[in-house]
Structures are given as structure tokens and as C-alpha cells.
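Engineer: As a plain string of letters, each chain reads:
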Amino acid sequence: MKILTLSNCFFFALTLPLTTITLSAAHAQQPVSGYDYLTPEMQEMQIDDFGNPGMLTVDAGEILFSTAGKNGKSCASCHGEDGSKLDIKHIASYPVYSTELKKPLTLRGQILLCQDERIGGPSLEHSSAEALQLEAFVRRLALGETVNVDVSGEMAPYYEAGKNLFHTRWGQVDIACHQCHVYHAGRTFRGQTLSQGQSNGFPGYRYTAGQAVSTPERITGCLANLRAEPYASDSVEYINLEVYMNARGNGLKIETPGIRY
Amino acid sequence: MQKTRLFRLPLLFAASLIIPTTYATDASSPVQPYYEWKVENYEIKQPLGGLEGNAVRGKAIAGNQSRGNCLACHLLPIPEEPFFGNLGPPLTGIGSRQSTGMIRLHVVDQSRFNPETVMPGYYRTPAQLNRVAKALKGKTWLNAQEIEDVVAYLTSLK
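Protein chains in written order, with my numbering: chain A, 1 to 261; chain B, 1001 to 1158.
Please note that the accuracy of each hint is not assured.
Straight-line Cα separation of at most 27 Å, BS3-like style, residue types lysine-lysine; simulated pairs [unchecked claim]:
(1) B/Lys1137 - A/Lys163
(2) A/Lys85 - A/Lys73
(3) A/Lys103 - A/Lys85
(4) B/Lys1134 - B/Lys1045
(5) A/Lys163 - B/Lys1134
Pulled from the structure, derived: some chain A residues nowhere near chain B, Cβ distances all over 10 Å [to be verified]:
(6) Ser93
(7) Cys114
(8) Gly144
(9) Thr146
(10) Thr168
(11) Gln172
(12) Asp174
(13) Gln179
(14) Arg190
(15) Leu194
(16) Glu229
For the record, the hints were derived by calculation from the structure and aren't laboratory data.
Think of the CB as a built atom: it goes at the ideal place given N, C-alpha and C, for glycine as much as any other residue.
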């Protein structure tokens, strides 16, 4: 019996790399939204605009969006009433690389920049409630849009730095993000279910804390749980983490404001 | 991960030069000296500082959310508690499955069994930790007496 015919060899040569690719793809984690780890009651709360407490933050952002700054213009002057002139595909691609600043710009960073340069202030603190409200309103415009962060080219080193932080142990608890959110997603931690730590629902509403939060605030919450020293809201570390975390969720749909534990 | 580990090496070296004897413990624990411990065949045979544990106190620490919080991840025979996690294995009957010395090492520093564990090292050498909250710097999560109390409680679960 002649098993190794030329065509068979050809077939093997063709399937071998395919098998390798399939295996490595199976090993990598498929992104799953935090929504899927919620109780049915919490899921219902999220999708009901009147029941979702995060909508209060979105609504506050909508008012700020058309509030005039020092030079008499508002966000709405350029971006249209209710932000209708904004490109929702672009909103879904943040953080993006700014060739001007030569660093990644988060959605909140971009809003604060506009606030300073286009409408002449008043300047908002990065960690202020107003900054969070504006971010929530703008991100909400892209509800249902697919997260699509480009981490090629100049973004690559920031993605790698964020990935490194995601895999760094912190605090007295001495564990890294991935140890809970990759290895143990779906398991129960006291009364909560651990999610993959995806950011597609942020800015969102933390049910357990009873407040609206975005990615930097949520990471600070995690670091506090780990008994670690948090970073500043606009720190390089948080920006890099947001680059990595958003890109890690590429393909998920934006859910702002997502309800999370 | 490799990088993080390597990053700790100078810290470990520094720690070996200055023998840490004055570590305070967690803010809410009474201050006690840090006692060195030794691992032999996956056991810490000697009680920390030669202290004697109390199982009743240990049960209270294990169930307390701001102290041991063992039930955040483990099932324990404490029926009055409504929630238990399942990140770790159930601990019911652990005292008949493992020696006291082995239980002590699990509580002190679980990473000696599994380097990728998510279980906090309740008495892990503080100098090995990265970016600990300022108020907790140089402290262990539980103090030596509390460790011995928890060990006494777990050992009693036959």
C-alpha cells in the first residue's frame, strides 16, 4: 500500500499549518461581554433605558454636550445637536493614535482636549464627574457598534505595555488581572460572577458600588480590591491598559452604559 | 509574568540582607513581629512564632469579609453564611485530608504549591510584593496569631 503519494504529501503540508492555527485560536480566549455574566434581572435592568441607572450619567452628558464654553461654542456647535455628526465607527475605535501628541488618545482624553481647544474651556479634571458624563454620552452614541481598536503600527508598543500591565501582579493580594479574568471567568467570587473584564460596557454603572464608572475608575476599584496603590486617572499606565483592554474586546458590541457588578 | 518575577529578584536580595523582624501586620490586625517560616516537603511544621491557635477565633476570621474572607472562594461548613465562592476547592473535611503543616503553608503562601494561584498569601514575605497600597506597605494580611487560629480551625474540620 502506497500511503505517501505525492498528493497525500501535499495534503499534509497544507493541513499542518492549518491545524496549528486552529489550535492556537482555540487556546486564545474568545471575547465575551460582561453582560453574559450578569443575572437575568441585571441584564433586564441594563437594556431598559428607564431602569438603567447609568442613563442618568448619559443624560447629564447630553446637557453638557450642548452647554456653551467660554468662547460661546459647545460640542454641539461642531458635532450637531445630540452629536449626530459624530462618526460612531470612529467612537468605537478609541483609543486612537494622535500623530500630533505622538501618543494614544482615549475617548475621554479627546473630549477634554476639545473642551480646552475648541470651546475655550472651562478645563475639566480628567477624573471629574463632568468628564465621565460627557464620555458616557458620546460612547452611548455608538451603542451596538463593534469595538474595533487598531493596535498596529505606532499603537503596537502601547498595546504591548498595556498587555504587560494586565499580566503584572499587584498589591498585598499579589495577583494579576489575567489570573481572575482569563483563568477564572465564570466562576463565583462570593456572590458575584467573575467576568472576562471586558470594557465594552464602559462607561457603565457599577451595581455593587452604586455609581457610574469608566475604565480608569474600574481599574482603580480592582487595584483597591488587590490592596494595591492605584494610579492617577489620566496616568500612562491606565491609558496603556485601556488600549489593551479595549483591543482585547475587539468584536464585542458597545453597551454603554453597561450594568456591571 | 517572567518580567515581574525577575523584577522581584533585587527585592528578594535586599530582603535577605536586612532580616525582616519588624513587619507590622494589616491595619486592622494588632501589630505583631514578623516571624520567619521554613518549608519542608510542602509543610511548615512549626507554628509561627511558636503561637497556639484557637479554632473558634479562626472560624470567625475565616468567615469575616474584611479579615480572612476564605468563603469568598471556598465552601466552608458555616451554614449561617449565604454566599460561598467556587474559585477554590471546598474545605469541608480538609483536616482529615491534609496535615497541619500543609494547611499552614496553604494559608501562609499558597504560591508555593501553585505559582499561578489567585489565592492571597496571607503571610507572604512582604518584601516580595509589588505596589502594595501605601497604608499596608511592609505588612502581612493576617498576623501570626490569626494565621495559627485559622490553621487550628481548618485542622478541626474532620
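Engineer: Determine whether the non-interface label on A/Glu229 survives the test: each CB of chain B must be over 10 Å from its CB.
Structural biologist: Label violated. Min Cβ-Cβ 5 Å, cutoff 10 Å.
Engineer: Holds or violated: is the Cβ of A/Asp174 farther than 10 Å from all Cβ atoms of chain B?
Structural biologist: Check fails; 6 Å does not lie beyond 10 Å.
Engineer: At 10 Å, judged by beta carbons, does A/Gln179 keep clear of chain B as stated?
Structural biologist: Violated, because the least Cβ-Cβ distance between A/Gln179 and chain B comes to about 5 Å, which does not exceed 10 Å.
Engineer: Examine each Cβ of chain B, and state whether all of them lie more than 10 Å from the Cβ of A/Leu194.
Structural biologist: 8 Å, violated
Engineer: For A/Ser93, is the shortest CB-to-CB distance to chain B above 10 Å, so the non-interface label stands?
Structural biologist: 29 Å, holds
Engineer: Compute the least Cβ-Cβ separation between A/Gln172 and chain B, then decide whether it is above 10 Å.
Structural biologist: Incorrect as stated: the minimum Cβ-Cβ distance to chain B is 5 Å, not above 10 Å.
Engineer: Given the hint that A/Lys85 pairs with A/Lys73, does the C-alpha gap stay at or below 27 Å?
Structural biologist: Holds, because 16 Å separates the two Cα atoms, which is no more than 27 Å.
Engineer: Are all beta-carbon distances from A/Cys114 to chain B longer than 10 Å?
Structural biologist: 33 Å, holds
Engineer: Does A/Lys103 pair with A/Lys85 here, judged by a C-alpha cut-off of 27 Å?
Structural biologist: Distance ~25 Å between A/Lys103 and A/Lys85 Cα, so the pair holds.
Engineer: Just want to verify: A/Thr146 was marked as not at the interface with chain B; is every Cβ pair farther apart than 10 Å?
Structural biologist: Label holds. Min Cβ-Cβ 30 Å, cutoff 10 Å.
Engineer: What's the verdict on B/Lys1137 and A/Lys163, does the C-alpha distance respect the 27 Å limit or exceed it?
Structural biologist: Status holds; Cα separation ~26 Å.
Engineer: With d taken as the least Cβ-Cβ distance between A/Gly144 and chain B, does d exceed 10 Å?
Structural biologist: 33 Å, holds
Going through the hint list in order, the structure does not satisfy hints 4, 10, 11, 12, 13, 14, 15, 16.
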